[in-house]
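*Asks:* Take these sequences, add in the hints, and give me the full structure.
Single-letter residue listing:
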Amino acid sequence: MAKAFSGHLSKLYLDGITSLSVTQAEWLSKHDYGLSLNGIKSITNEALQKLLGSDGDEYETREPIFINGLTSCSDEQAEAISKCQRDVFINGVTSITDKQAEILSHHKEILTLGGLTSLTDKQIY
Amino acid sequence: MIQFDENKTLKKTKIEPETQNPEYISFKNKPDTSDLKKKISGNQRITHEEIADLIKETQDSKVLIFGQEMTKKEFKDIPDQDLIISKEILSGHKSRSGLLTHLFPDVLHKLLNTEDWSLIIDLNGLDSLTDEQAELLSKKEIRLSLKGIKHINDAQAESFSKHKGWLFLGISAASNEQIKWLSMNNGHLELNNLINLNDEQLKSLSTQGGG
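Read top to bottom, the protein sequences are chains B and X. With the numbering used here applied, the first sequence covers 1 to 125. With the numbering used here applied, the second sequence covers 126 to 336.
It is worth saying that the hints were derived from the structure and are not from the lab. Even for Gly, the Cβ is constructed at its ideal location relative to N, Cα and C. Not one of these hints is a red herring.
Calculated cross-link-like contacts (lysine-lysine; reagent style DSS-like; alpha-carbon spacing at most 30 Å):
#, chain 1, residue 1, chain 2, residue 2
1, B, Lys41, X, Lys328
2, X, Lys287, B, Lys30
3, B, Lys108, X, Lys328
Chain X stretches covered by chain B per the calculated footprint, using a threshold of three residues with CB under 8 Å from any CB of chain B:
#, segment
4, 313-319
5, 328-334
Here are the in silico distance ranges between beta carbons for each label pair:
#, chain 1, residue 1, chain 2, residue 2, range
6, X, Asp324, B, Leu111, 24 to 34 Å
7, X, Asp256, B, Thr117, 47 to 57 Å
8, X, Asn321, B, Lys30, 19 to 29 Å
9, X, Glu266, B, Asp98, 43 to 53 Å
10, B, Lys41, X, Asn301, 22 to 32 Å
11, X, Asn301, B, Thr97, 39 to 49 Å
12, B, His106, X, His276, 37 to 47 Å
13, B, Thr44, X, Ile320, 12 to 22 Å
*Replies:* As structure tokens, this is what we get:
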């Protein structure tokens with residue numbers, strides 16, 4: 001209980017970081033509480049999988065992660081996000097394909113894509 | 126030094142550091158000078174509280190109060206260089222402007238005496254801290270913003286490890302040991318000026334918040 005309470009109050013802001021190696025992403029994935037990495041503008045698929053804990057490792061639902069510096073999203077990254085068991089904020093992404101929208105729809109927590117400038121009917125449904 | 130000019134406004138002249146007395150009131154923005162002039166006319170002693178009451182009538186004025194009396198001459202001799210704190214902080218409300226550039230013991234004591242848990246102590250104007258100041262500030266469960274602090278030493282990092290609440294530091298580099306200390310912080314920890322972190326440091330930070 002104490003841990004849960006402190007977790008609610010905890011958040012780590014490292015918005016100055018602009019890139020992450022796979023190893024570094026793996027380390028940060030172990031941070032259970034809020035994590036802000038808004039300086040990252042691009043990241044490899046593997047590093048994002050590690051960072052989001054969506055590479056097969058089992059994680060309980062955790063605090064949000066903010067990667068609002070990302071401006072684009074590959075299909076593999078959409079897969080990684082969809083499997084992530086934490087709220088994901090990627091408001092820097094301005095467009096996604098229909099396929100990516102379908103993949104992202106499987107994400108079970110909160111996902112914000114506030115930077116999208118257009119949506120097709122297919123993406124909405 | 127602040128003096129009244131012909132237009133009844135405050136202007137400053139340079140004071141050498143060795144002549145500065147930290148225990149005064151200081152203004153950065155121009156207060157309601159007509160009221161103040163009236164109040165301090167003559168040589169009667171006036172209190173900081175009296176001045177503060179006047180200052181509170183002006184929305185933009187900022188004042189530091191030490192609870193000590195001063196004469197008209199003392200009031201005129203106020204240096205306008207450093208001891209500035211917004212009245213929002215003094216009254217225990219949130220402040221979004223870091224105007225304090227030096228911390229003297231009385232100021233620190235006043236800041237830490239508040240019982241307002243929602244208080245934001247915004248000291249972004251500070252570019253250095255003593256170890257004792259870091260230790261005292263870290264004891265309070267507050268939102269503590271120190272974005273002007275670019276470097277800390279190991280002792281200060283250890284103090285900040287015990288801080289509860291929000292902690293914003295402007296450090297742009299830190300040793301592994303310092304990061305290890307900071308990672309023990311259980312609140313919101315903002316280190317956005319850190320650009321290069323090595324694997325060891327990220328490993329430490331992954332445990333921040335008890336993770």
